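Enquirer: For the numbering used here, count along the sequence shown from 1 and bump the result up by 744.
For the record, the hints were derived by calculation from the structure and aren't laboratory data. Among the hints, a few may not be true.
Claimed, not checked - Within a straight-line C-alpha distance of at most 20 Å, the following computed DMTMM-like cross-link-like pairs (lysine to aspartate or glutamate) qualify:
| # | residue 1 | residue 2 |
| --- | --- | --- |
| 1 | 854 | 872 |
| 2 | 768 | 885 |
| 3 | 911 | 779 |
| 4 | 1031 | 885 |
| 5 | 854 | 844 |
| 6 | 911 | 1009 |
| 7 | 911 | 973 |
| 8 | 768 | 779 |
| 9 | 767 | 810 |
| 10 | 894 | 880 |
| 11 | 767 | 757 |
| 12 | 906 | 935 |
| 13 | 1044 | 880 |
| 14 | 906 | 917 |
| 15 | 906 | 872 |
| 16 | 768 | 810 |
| 17 | 767 | 787 |
| 18 | 930 | 944 |
| 19 | 768 | 786 |
| 20 | 927 | 907 |
| 21 | 930 | 972 |
| 22 | 768 | 917 |
| 23 | 854 | 810 |
| 24 | 927 | 973 |
| 25 | 840 | 872 |
| 26 | 1044 | 885 |
| 27 | 906 | 772 |
| 28 | 911 | 772 |
| 29 | 906 | 885 |
| 30 | 927 | 917 |
| 31 | 894 | 812 |
| 32 | 854 | 885 |
| 33 | 906 | 769 |
| 34 | 836 | 872 |
Said to hold, decoys possible - Derived DEER-like restraints, expressed as beta-carbon distance ranges:
| # | residue 1 | residue 2 | range |
| --- | --- | --- | --- |
| 35 | 932 | 1010 | 35 to 43 Å |
| 36 | 940 | 896 | 32 to 40 Å |
| 37 | 842 | 1039 | 48 to 56 Å |
| 38 | 1040 | 948 | 20 to 28 Å |
| 39 | 889 | 784 | 34 to 42 Å |
| 40 | 889 | 931 | 42 to 50 Å |
None of the values given here were measured: they were computed from a predicted structure. Glycine included, every Cβ here is placed at the ideal spot set by N, Cα and C.
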Amino acid sequence: MAEKLHVVRNQKDTVFRMLFREKKELLELYNALNDSAYNSPEDLTICTLENAIYMNFKNDISFLLDSEMNLYEHQGSYNPNMPLRDLVYIAKQLEKYTRDETIYSSTLVKIPVPRFVVFYNGTDGQPERQILRLSDAFEKETAEPELELKVLMLNINFGHNKELMDKCRTLREYSQYVDRVRKYAKRMRIEEAVERAVTECTREGILADFLSSQRAEVIAVSIFEYNEEEEMRKIRASEYKNGKEDGIAQGIKQGIEQGIEQGIEQGMVETCKELGVSFEQTVARLKLRLGISEQEAQEKVRHYW
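Start from the sequences and build out the full structure, keeping to the hints where you can.
Expert: Encoded structure:
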């Protein structure tokens, strides 16, 4: 029997994690990502931290292969803080990895190469692939950050990253299954949508073995995932609405300001536009508020106008 990954205790499961618990499927995904051809699942060493809710920073799947420590995370919503989260997690991982070594000696302690990947399938539009950088979170911009961590974020929604999907059947069929659930959920109750998607995919050979052998658990987890996504969407919509209203109120008093997720620059421009402030006046206010040049202000206003 194939070895299964340790499931973090008290951590809510997802269909993605359920699929890639098996070393065989995990190796298939790794090979697709890295254009490699490893054929022995036993070459993988699972290193997901046990009971790893460290300062509320969890990780879905961690494993060692060919002197690389791979941290894979599935995200149903965009999270720009993944580099920071991975920094906290990898520090804990490396502490565990080097516990039998002394880092105070004159001998260099070797560590595996860290690799960070996020598999995104939220409903907010995101590019095929992008790099999230820890330095983007620095309060002060620096040309050459002395500490950097890069996370590759891949959009795995159906129809995206075709080359990767062609190399990894499991990932491709997972994206097809999620797409069916969402499509049916638009016109029926989520429970009915999931039941229909599971039944159809099983019949059509999409994740057939997985869905038939774990049907009940997959249905329960899929319903939870969908409801969680909907709740997060409502929260973000509420935050946007409240931020926009606050921004307009502040705009009346101060001219420009809108504290919403899309950023102060966009908030300022949109608020000015809603209040009937001209393009030129908005440029002047943005220039004054942010302390930037006329050209920079024009470019920012033109981008959001």
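Enquirer: Can the restraint linking residue 840 and residue 872 be considered satisfied, given a maximum Cα separation of 20 Å?
Expert: Outside the cut-off at roughly 34 Å; violated.
Enquirer: Taking 20 to 28 Å as the hint, is the beta-carbon distance of residue 1040 and residue 948 inside that range?
Expert: violated (53 Å)
Enquirer: Has the hinted range 35 to 43 Å been met by the Cβ atoms of residue 932 and residue 1010?
Expert: This hint holds: roughly 36 Å between Cβ atoms.
Enquirer: Given the proposed pairing of residue 906 with residue 772, does the C-alpha separation stay at or below 20 Å?
Expert: holds (16 Å)
Enquirer: Does the alpha-carbon distance linking residue 1044 and residue 885 stay inside the 20 Å limit?
Expert: holds (18 Å)
Enquirer: Would you mind confirming whether the straight-line C-alpha gap from residue 911 to residue 772 stays at or under 20 Å?
Expert: With Cα atoms ~8 Å apart, residue 911 and residue 772 stay inside 20 Å; holds.
Enquirer: Residue 930 and residue 972 were given as a pair; does the straight-line alpha-carbon distance stay at or below 20 Å?
Expert: holds (16 Å)
Enquirer: Decide if the proposed pair is consistent with the structure: residue 906 and residue 872, CA atoms, cutoff 20 Å inclusive.
Expert: Between residue 906 and residue 872 the Cα gap is close to 10 Å, so the pair holds against 20 Å.
Enquirer: Is the Cα-Cα distance between residue 906 and residue 885 20 Å or less?
Expert: Between residue 906 and residue 885 the Cα gap is close to 35 Å, so the pair fails against 20 Å, i.e. violated.
Enquirer: Would you mind confirming whether the straight-line C-alpha gap from residue 906 to residue 769 stays at or under 20 Å?
Expert: holds (18 Å)
Enquirer: Given the range 48 to 56 Å, decide if the beta-carbon distance of residue 842 to residue 1039 lies inside it.
Expert: Roughly 50 Å apart at Cβ, these two residues keep to the hinted range, so it holds.
Enquirer: Quick one, are residue 927 and residue 907 close enough, alpha carbons at most 20 Å?
Expert: With Cα atoms ~23 Å apart, residue 927 and residue 907 exceed 20 Å; violated.
Taken one by one, the earlier hints fail for this structure at numbers 1, 2, 6, 7, 12, 20, 25, 29, 32, 34, 38, listed in ascending order.
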